[in-house]
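Peer 1: Listed here are the chains, written in short residue letters.
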Amino acid sequence: QKEVEQDPGPLSVPEGAIVSLNCTYSNSAFQYFMWYRQYSRKGPELLMYTYSSGNKEDGRFTAQVDKSSKYISLFIRDSQPSDSATYLCAMSAMRFGAGTRLTVKP
Amino acid sequence: DTGVSQDPRHKITKRGQNVTFRCDPISEHNRLYWYRQTLGQGPEFLTYFQNEAQLEKSRLLSDRFSAERPKGSFSTLEIQRTEQGDSAMYLCASSLDRTGQSPLHFGNGTRLTVT
Numbered sequence: 001q002k003e004v005e006q007d008p009g010p011l012s013v014p015e016g017a018i019v020s021l022n023c024t025y026s027n028s029a030f031q032y033f034m035w036y037r038q039y040s041r042k043g044p045e046l047l048m049y050t051y052s053s054g055n056k057e058d059g060r061f062t063a064q065v066d067k068s069s070k071y072i073s074l075f076i077r078d079s080q081p082s083d084s085a086t087y088l089c090a091m092s093a094m095r096f097g098a099g100t101r102l103t104v105k106p
Numbered sequence: 001d002t003g004v005s006q007d008p009r010h011k012i013t014k015r016g017q018n019v020t021f022r023c024d025p026i027s028e029h030n031r032l033y034w035y036r037q038t039l040g041q042g043p044e045f046l047t048y049f050q051n052e053a054q055l056e057k058s059r060l061l062s063d064r065f066s067a068e069r070p071k072g073s074f075s076t077l078e079i080q081r082t083e084q085g086d087s088a089m090y091l092c093a094s095s096l097d098r099t100g101q102s103p104l105h106f107g108n109g110t111r112l113t114v115t
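Quick note, the sequences are listed as chains E and S, same order. Going by the working numbering, the first sequence opens with residue 1, and the numbers climb by one from there. Going by the working numbering, the second sequence opens with residue 1, and the numbers climb by one from there.
Derived from the structure by calculation, the hints contain no laboratory data. Built from N, CA and C at the ideal position, the CB exists for glycine as well. Any given hint might turn out to be false.
Computed Cβ-Cβ distance ranges for the label pairs, DEER-style [stated by the list, open to error]: (1) E/Ser40 - S/Asn18: 24 to 30 Å; (2) E/Ser52 - S/Ser27: 27 to 33 Å; (3) S/Gln80 - E/Leu11: 23 to 29 Å; (4) E/Asp66 - S/Glu83: 30 to 36 Å; (5) S/Glu83 - E/Asn55: 41 to 47 Å; (6) E/Asp66 - S/Gln41: 24 to 30 Å; (7) S/His10 - E/Leu46: 32 to 38 Å; (8) S/Asn18 - E/Glu57: 18 to 24 Å; (9) E/Arg41 - S/Gln84: 27 to 33 Å.
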């Protein structure tokens, strides 16, 4: 079992939809959780950074952490074509998920 | 631009040749990380430096790979006797970090193709 599991998709949604992206992890020692967005041929860029269970909101993005279930989520509201990218969860600098490729169609 | 920069952006080499990549981190960042990323996968950790000290190396980092960060500034990653399986995107990231938990700032990578 991998330490971090992420459904690779691909995921395709219409513009304006709510998108839900998820990761599970097995190591209860992980305390910090990050979501990165990676456009094609670019390096990942940080979207959200959380260290406690519960929700954190930033504009159209909400990160949710459930440490008891070892499950994290990223929600994107009112999705836009510019959100089309690969979304990576990370539990530390050394543990990344495989990434979920998202396409938002106009 | 004061972000993380990597050079070259693309490198095509023949199997058996040596290649070297360079990473210039954000100037005040003390940690520097190297990753390998293949299509459809997330970044795989290779190694990291705290200032000039190389503190951890992944089992993925075979003895053909070596990394340096002289004087705690820029870093180089060298691959000797390249193999076709080395074809990947090599990413560098830096952070201002004392606890290992700070967010990473990535460069745009060096894409290596071994023919």
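Peer 1: Work down the list of hints and note, for each, if the structure agrees.
Peer 2: Here is how each hint holds up against the structure:
1. E/Ser40 - S/Asn18: 24 to 30 Å: Check passed, 29 Å falls within 24 to 30 Å.
2. E/Ser52 - S/Ser27: 27 to 33 Å: Hint holds: Cβ distance 31 Å, inside 27 to 33 Å.
3. S/Gln80 - E/Leu11: 23 to 29 Å: violated (40 Å)
4. E/Asp66 - S/Glu83: 30 to 36 Å: With Cβ atoms ~42 Å apart, the hint is violated.
5. S/Glu83 - E/Asn55: 41 to 47 Å: For glutamate 83 of chain S and asparagine 55 of chain E the Cβ distance comes to about 45 Å; the hint holds.
6. E/Asp66 - S/Gln41: 24 to 30 Å: Between aspartate 66 of chain E and glutamine 41 of chain S, where Cβ atoms are some 25 Å apart, the hint holds.
7. S/His10 - E/Leu46: 32 to 38 Å: Roughly 25 Å apart at Cβ, these two residues miss the hinted range, so it is violated.
8. S/Asn18 - E/Glu57: 18 to 24 Å: violated (48 Å)
9. E/Arg41 - S/Gln84: 27 to 33 Å: Once the Cβ atoms are compared, 21 Å apart, the range 27 to 33 Å for glutamine 84 of chain S and arginine 41 of chain E is violated.
Consistency with the previously given hints fails for numbers 3, 4, 7, 8 and 9, ordered from lowest to highest.
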